Structures are given as structure tokens and as C-alpha cells.
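With the hints as a guide, dock the two chains, each given alone in a separate frame, to form the complex.
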Amino acid sequence: MAETDTRLPAKGGLQRLQEELEEELIREFGQDLKPREAARIREFLREEIEEKIKVSLEGLKRQLREELALERERNIKEALEGGEVFYRFGVNVRAQHFLLAVSTVLLILSGLPVRFHDSVVFKFIMFLFGGIHNSTFLHRVGAAGLMVVCVWHVSWLALTREGRSEFMALMPGPRDLKDAFQNIKYFLRLSYIEKFDYWAVYWGVVVMIGSGLLLWFQDITLRFFPKSLLDIAKEMHRDEALLATLAIVVWHMYNAHLNPHKFPGTLVIWNGLMTKEEIMEEHPLEYEKRLKAREEKRGHT
Amino acid sequence: MCHGKRDLRSGDASGAVRSLYINEETLRGSAHGKLTCVDCHLDVLELPHARKLKKVNCIACHSKGRTFDQGPAIEYLIYRDSVHAREQQKGNPKAPDCATCHGSHDVLSHADIRSRGYRLNIPDRMCGRCHGQALTDYRKSVHGKFTTGGDVNPPICTDCHTEHGIRRTVDPFSTVYASNIVTMCVKCHGDFSIMRRYGKNTEEVETYYESFHGVATKFGERNIAHCVSCHGYHAIKARSDPTSSINPANLPKTCGQAKCHPGATANFAKGKVHVNPKSKDSGIIYYVSLGFKWLTITVLLVLFIHIFLDFMRKLQEKRRKRS
Chain A
0 MAETDTRLPA KGGLQRLQEE LEEELIREFG QDLKPREAAR IREFLREEIE
50 EKIKVSLEGL KRQLREELAL ERERNIKEAL EGGEVFYRFG VNVRAQHFLL
100 AVSTVLLILS GLPVRFHDSV VFKFIMFLFG GIHNSTFLHR VGAAGLMVVC
150 VWHVSWLALT REGRSEFMAL MPGPRDLKDA FQNIKYFLRL SYIEKFDYWA
200 VYWGVVVMIG SGLLLWFQDI TLRFFPKSLL DIAKEMHRDE ALLATLAIVV
250 WHMYNAHLNP HKFPGTLVIW NGLMTKEEIM EEHPLEYEKR LKAREEKRGH
300 T
Chain B
0 MCHGKRDLRS GDASGAVRSL YINEETLRGS AHGKLTCVDC HLDVLELPHA
50 RKLKKVNCIA CHSKGRTFDQ GPAIEYLIYR DSVHAREQQK GNPKAPDCAT
100 CHGSHDVLSH ADIRSRGYRL NIPDRMCGRC HGQALTDYRK SVHGKFTTGG
150 DVNPPICTDC HTEHGIRRTV DPFSTVYASN IVTMCVKCHG DFSIMRRYGK
200 NTEEVETYYE SFHGVATKFG ERNIAHCVSC HGYHAIKARS DPTSSINPAN
250 LPKTCGQAKC HPGATANFAK GKVHVNPKSK DSGIIYYVSL GFKWLTITVL
300 LVLFIHIFLD FMRKLQEKRR KRS
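As they're listed, the protein sequences go chains A and B.
When you number the first sequence by numbering that gives the first Met the number 0, it's gap-free, plus one each residue, and the end is 300.
When you number the second sequence by numbering that gives the first Met the number 0, it's gap-free, plus one each residue, and the end is 322.
Among these hints, one or two may not hold up.
As the list claims (entries may be wrong) - Restricting the straight-line Cα-Cα distance to at most 20 Å, the calculated cross-link-like pairs of lysine to aspartate or glutamate (EDC-like) are: (1) A:Lys291 x A:Glu77; (2) B:Lys269 x A:Asp218; (3) B:Lys252 x A:Asp218.
Calculated directly from the structure, the hints in this document are not laboratory data.
Treat the numbers as computed from the prediction; the structure is a model and nothing was measured.
For reference, chain B alone in the conformation it holds in the complex (with noise of 0.2 Å):
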């Protein structure tokens, strides 16, 4: 037909030419291999078609087996409290919908490797098509290293936005909100099965819950420090490297960003971050913690005994005057 036609183009007032072409053996490989044009395009009734076509409703058939009263397939439902649905109904032209993201033609499962949706190519051929400089960022952050080297283990954007309902940093509903940045990182980085296997425990984590920062977080505060705050987003780099923001070098201007401790100085460099007292690395922390901890049982012991002691006297002695 027409659109087999390598050279099918269209071009509007403006004088931006489209090209119309579209693979037969593309359609056929993807996921809607059997299905014809006009199952999709259904406002195709004649040919040659109107100039101008609707998009196409993918939720038409993607309803997962649900009647009419059961409404649409959770995915949209769930899309279209997002931040790219809502920008959509503003009016947004750039605002991506269903095929922005999963393609048209040439939709594939999201287990197969030449997909979008395939894990290892979501970074790249869905969100970073978009979002640049988010991508670029991601690629130089340990993350984006590993995903990079072929490892589907590490995160990918997904993992901390979700895939459908992407909302705004500053919704609360939203997996990156500053009180909800925690148990997204901690989804990993408390889970020592998986710590263990890039050769880290989960000790950040449990020192940060016992840290004031992590205490006033839990507590609900917002305007504290938690994961994000120090060690970036998309660019969260390797304490080693000079350009990571936890790089004992650039901590200061970490520390000291204007909301937190401006004026910060190279001493707030000098000793551990995730002190752990129970931890015979901390040095003197380790011994002040067991110090104390002796020296409260002992204190507390001797007490008991002279009040245990001093309470059997006094009942002895009520006894007898009672007697």
C-alpha cells in the first residue's frame, strides 16, 4: 500500500516534512504482529483516508480483560495522575503519551532485548530521548556505570521514579519526594543480599536512621539532610572520585550549602560520616559507646542491689512493728 513507499512524506504550512514510511517487517515483528492497520486506526474507514487521522486509543484494548464498568488497565490509571498526563491535558505538545515512550509501530515486550521497555534500554531510548542531561548525568554515577557494563541489577530510572506514575520532586505522592527518597534508596541499600554483591553493607543506612539527620526525617521533617542531599541524584558517584560531591575534597561545599551549614570548613571532612559506634573501625566512638555502656550496667547493677537490699530491710522491719 501507500506507506510501504520509502519516499511517503507529508508536509505542512510550517514547511516540516514527515516521512509517512512505515516497515511492514517492524509491524510484523512487534508485539501487534497480527494485528491490521485499521485495528488500531479505526477512524480509517475509506481509502484513500482523511488528511487528518486521531491518535490512535491504545487503551481501547490494552483494559487487561476488563469489562466497560471496569475502566481502563491499571497502568493508565495509574499514568494518568502523572506529571507527563497532567502536562498533557495542559496542553503540553511535548508531553509524552503511550507511543511516546513504547513506540508505534514497533512496540515490543519488555522482555525482549531489542524492546525500549527492555531494561538496559530505558535510560537511553526512552527517558534520556527526553530528559538529556539527566541521562548524561546518570551515565558518570556508579549506577549508570554498572547498567552501562551490562549489569540489570543496579537502578535505572524506573527503579526510583516508577514507570507510569512519575510525579514532580516537590508532589508528596512522588517515590522521590524528600520524605519518600529514603525507602526508595533503602529498597536496595538496606537489603545486604544485594549490598553484598557490589562488596558494601548496609551500614549507611543503619547509621543514617540513627543520626539526627536521619531521626528528623523520620519525624517528618523536611528541610533535613537525607540520601539525596549529600550524594546528588543522577549523578551519585563513588566517594573515591574527585568529582563525587561526598569526595572528602568537596565536602565542605556539600555540607555547606546555604540551607544547611554555610560557612562549612575542611573539619567537617575530617572523621567518618556514617559513624557507626558499634564499630570497632570508629576508634575512640567505639570506646566511649562501650564505656558508657559498662558503665551503665554497673552503675544500674549496684543500684538494684542496694535497693533490693534496702527494700527486704524496710519490709523486715514493718513486719515486726506490725507484730
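So here's chain A without its partners, still in its complex pose (with noise of 0.2 Å):
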């Protein structure tokens, strides 16, 4: 509609549907109608119209959103037969890396004013948290969801055959190691870089949580040894936790956001999927394995 007016044009449909009932009343009657009579038709009809087409749109537009996202699943997943676009990560690996990047950012943003008090920045943040306590507690709330990560993902790693397949996939092998120096040469983008990045949350994880762990139950902890421990411990794990940050920072942020191929992002971790370019220039190795793969299966059918 191209006027403003919310309501119903008088000419067409209506137009005629008022000239029609009019029409029949004049023929009931056997006289002509009163301009106050057919001002209060036009109403009734403009009204009745208005009130039913309202209702019925509701209906209309929740069929063509059911519709359009149907539509948009069966061209993703043509897309995904025809070989454009790959499933990368399933739900559960999506799961997994949210709840470990929520975790993660709770943890720094709640233990990083602790090691930088002097500063401006952290002390705004630890006022934003509204003291010291408050942030204390979203730390240990943080580790608790690191801890909850780490188990979830060893138990798939071990229990379901997606999990053993990625584990092995993420194996370095000899020839990361030639892909890296490969690279310094030529510079071909392959998976190290993110195979890096799953061992180096493990190396990660491993220190902070067990530092962490000492110091969240640090009475538990002098119970059997002595206070020294607890100072390495500490020490490891704002050391670590800096190393961490700014890797993540640093790593994380170029690899999956600032890198010109990517900037500003790729919703790869939010919806799993990859299209063909991507693969191909990230994954090449993996992108033929998957065509092979299609193929035998076609083969088959």
C-alpha cells in the first residue's frame, strides 16, 4: 500500500462490495437510501474489513515465516549435499566452545583487576562488579564452568565416536610441523593453527585449574602442605592467566575475527557451518577427505 493511511482505500473492493449491498438494500426497501444510511454502511464495511483482514494477516504472515525458514533450512541443505557449504561443528562442540568462552571471559574479566589494581581500567571494572566480593564469587562461578567444560569434553572425547574422530583429527602430526615451517616460507593456511589452539587450552587448563583449585580451597590445601606451595601455585596462576589472556587475546581474536578473510567474524562456532571457500582455503586436507567421502556415498546409492 502505498498510502499512509493505516486505513482500507475506499475504491476497488470495498467500492464495489458497498455498491453491491447497496444495491440489495435499495432493492429490500423499494426506495432510495438516506445519505446518513449509506455513510453508516460505508462505515460498517470499512470497520467489519479492517477488523478481518487484521486478523487473518496475523495468521498470513506466521505461514510465510514457517515458510521462509523452511525454505532457508532446505538451502542450506542442498547447499550442504551440493557440496557448498560444510557442517563444521555440531551442536555439542558449539555447546562446548560457548560455555568455555563464557566461562573464559567471566574469568578474566573478574581476575584481572585482581593482578592489575593500580589501573584505571580494572578498577572501573571491579566497581562494575561492586567490589570484591561480588567479583570473587563470579571468579569461582567462572571456574566452576571450566571445570564443567573440561569434563564434558573429555567424557565426548571418550564416549561418543564424533569425539574420538575429532580428537584424532586434532593429533599433531608431522606434518603440522611441515605446514608451519611450509608456511613461514609460502604462508598456505592450514588447521595448525587451530590445532594450537585446542592443545593450548589444555595446557591452559591444567595449570590454572589445578593452581585454582589449590587456592579456592586454600585451607583444605595448608592442611597437608606448606604455605610455599601456595605461593607457587598463586604465582602460576596469574602468570598463566596473563599468558592465557593475551593469547587469547592476541591469537584468538586475529585468527577468527581481525584476519582479513574473516574480519569481522565468522559464525562458523554459532552455527557450524562453513562454506565451500572457507574449507577449501582453511581445511584443504579435510575438504577432500569430505568430497571422497560424498562421492563413495553416491557411489553407493
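Have a look at this one:
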């Protein structure tokens, strides 16, 4: 509708309906309608029809939305089948990454003010937390999240077939070393970057959770170990925290967000999908494997 | 006159006897030596004077050249908010006013070694007259031992509690309130030029600020250990002293206070308390810190180089694609 008037235009369908109704009434009464009566008929029709259309429009919208969603899904499916888009991460992996990311951000935000207590920025963050009571509590919440992810991830690795195959794929091999050297010479992008990300988390998590637990339950720790162990744990905790934070900020930010090919970011960790170009670019071996698998599948059917 | 007689006394109904003798030499030698009796005792209008005289009002003169509108001297204004003045307003007869501390007929400048207000006389002749237990504890402390020996630098009562504006420890405006006490100690213990004279350094202050106790105190937490929680207040003693709260044998008890780490074991005393990871004396911690420092530098350097190469390569590719 081009008109800004929300009411329906008087011409067209409505006009026709009105004329029909008027004719019928004239026939019934055997005489012309008074102007007031005609106006009332017009008003009645307009109101009724507007109401009806409004009601049916809601249903129509819903239907349209469902159809569009279905079509989109079909498109993705077709793209997946046609080899234009690939499923890279399943729901499980994405959920793990989500919890890991949220916990890590929470841990960094509530942990760094303790280390950089003189910095204005972290003082402000501490102010937002509302004091060290809250930030230490949230730090423990984040730690719990991180530990849940670890248990979840390890059991996923051990118990599901998807996990086992992903784990094998993430095993560093001689090819990665070769890739890395080649990369520095020629710069081909290969998956050792992601492998590094993955294994760096192991190191970080072991150090952080290990020392963090000692500090969290310091009274129990001190029942069995001398205080100097706690001091070592504290030093490791704060140093590894800085290393991990910097590595995440620098490395992960670049590879997942600031990289010219990916800027401003990729959605793969949210919806699990990767386009053909992306997968060819970053995981050529994986692409070949997938292609082969699909061809075999086609050959069978 | 009458008050020059050594046997002039007054007695009241309860039988308490008070000497009314005033040594004129003392008065003449005091800071007020040039004044006459009635300069202070303003309500003596005739002799013999009325039996009951008002207390002397020091601020009638001590307004340091202020006009009437500007009010009395700043010392008085500060005193007015102190715990001593508040107690006096409540009617506590033991609460001190000017004369209680400064003396009456024997007032001397605080620079005079005979004065009660002379730095080294303050603990014994001013505060300690009422605060006996605090004085006893203070004399046993490292600070007290130095001042007893005639060293004027270590803190006396007024250095921590201030002079006129003494407040209760639970008063947030007090210099010895939990949130302020660290600043109070750091005034000296954070100053290397002072600590050097006593063969100490400022490491304790720096490491405290880096410790979780220090950080939490800085962020306004009050139920956390500050200097006094472990070292005590009036009876601060050296670590080597077996009665010290920070002697290794007593540390479990000190750390194990009900509010802090109940059930603390001897393990609390194993290892340095004020650990400095940057000092080689800290042993393993020093090497852990050093190792992590270099690990961080190496990892980040490698990452940066990798990122830089990758970035240049990708920019090149983009440019090639465009052309």
C-alpha cells in the first residue's frame, strides 16, 4: 500500500462491496437510501473488513515465516548436499565452545582486576562488579563453568564417536610441523593454527584449574602442604592467567575476527556451517576427505 | 598570695583532699610565664575569690590571630570531633580537655625537652597516664624500644592516632580504621630512606599490596588481613621475638583467628609470608615467575610474527584479486 492511511482505500474492492450492498438494500426497501444510511453502511463495511484482515494477516505472517524458515533450511541442506556449505561443528561442540567462551570471559574480567589493581580500567571493572566480594564469587562461578567444560569435553572425547574422531583429527602430527615451516616460507593456511588453539587450552586449563583449586580450597591445601606451595600456585595462576589472556586476545582475536579473510568474524562456531571457499582455504585435507566420502556415498546409492 | 603556701588544700564532702599549692617558679618558667593569674582565671573578680571557679577557657586566647568570626584555632576544631571531646560532651568526667594533656600551670612548648608534649615524653607523660595497658604494650614493642632508647624517629602514640583528632578504631574517619591503617604504616614502612636507617627495606609493603590481602583491602574490603591483623598494634614485635605474633611458632595461632583461617596448622609458617617473586631469595617462586615471563614473551613473539606474516600475505592476495 502506497498510502500512509492505515485504513483501506475506499475504491476498489471495498467500493464494489459497498455498491452491491447498497443495491441489495435498495431492492429490499424499494426506495433510495438516505445519505446517513449510506454513510453508515460505508463505515460498517470499512470497520468489519479492517478487523477481518487484521486477524487473518497474523496467521498469514506466521505461515510466511514458517515457509521462509523451511526454505532456508532446505537451501542449507541443498548447499550441504551440493558441497557448497559444510557442517564443521556439531551442536555439542558449539555448546562446549559457548560455555568455554563465557566462563573464560568471566574469569578474565573478574581475575585481572586483582592482578592490575592499580589500573583505572580494572578499578572501573571492579566497581562494576560491586566490590571484591562479588568478583571473587563470580570468579568461582567462572571456574566452575570451566571445570564443567573440561569434564564434558573429556567425556565427549571418550564416549562419542564424533568426539573420538575429532580428537584423532586434532592430534598434532609431523605434517603440522611441515605445514608450519612451509607456512612461514610460503604461507599456506592450514589447520595447525586451530590445533595449536586446542592444545594450548589443555595446558592453560591444567595449570589454571590445578593452581586455582589449591587456592580456592587453601585451608584444605594448608592442612597437607606448606604455605610455599600455595605461593607457587599463586604465582603460576597469575602468570598463566596473563599468558592465556594475551594469547586469547592476540591469537584468537586475529584468527577468528581480525584476519582480513574473516573480518569481522565467522559464524561457524555459532551455526556450525562453513562455506566451500572457507573450507578449501583453511582445511584442504578435510575438504578432500569430505568430497571423497560424499562421492563414495553417491556411488553406493 | 594564698596559693603560694604549700599547705593550702581543699576538701569536699567525700573527704577527698586536693592540694591547691601552685609553684610560682613553675608558672614563671612555663610558656605562660608572663601572664598573670587573672589572664586565664577570668572569673576571679575580687579576693578572696568565689569558692568554685569555672574551668579555664584556653581558646579565649588560642585562636592564632583569628578574628571572632573565624572561630577558634584549628587544633580545637579538630579536637571537637575527637573521641575525647565527644566523651566529654556525654559527661564522662575522665575525658580529657586541653589541660589534661598539655598541663595547666606548667604548660611548655612541645620543643622543650621538659614539656609533656615533647616527642619522647608523649607516651609516658600524656597518653600513658590514662591508657596504661597501651603504654605497657608499646614499651615492649620494637617502636617503643627505640623511643625508650632516645631515638626520635620511630612512631609514638600521636603518629598513628594523630594529636587532637583521635577517633575510635571503628570510626571510618579514624587514621587507624581498618581501611586507613595500611596507609598509616606505609607512611614510614614504604619509605626506603627511613627504613634504610633500621636495616630494613620496603619489600613488605610492596608484597603486601600484591598479595590478595592487600588487593582486597585496596578495593575496600574490611574483613581482611591488614598490617595490624598479624603484627598487632601497640605490641608490634620483631619476628625473632618468641612472644611476637609473627614468630613462626605463633603464626598458626595468628593466622588461625576465628575470622580468618580457623584451624590453621604449622604449615602456615612454612615459607615466607611477604613473598617477592622478583627476588632470588624466594627460591622456586622466583624461577616459576621467571619461566612464565619468558614463556609469555616467547609465545607472544611467535604469535605476533605469525600474525604479521599471515596478515601481509592476505593483504597481498586481496590486492591481487582486485587487480
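Enumerated hints in conflict with the structure, sorted upward: none
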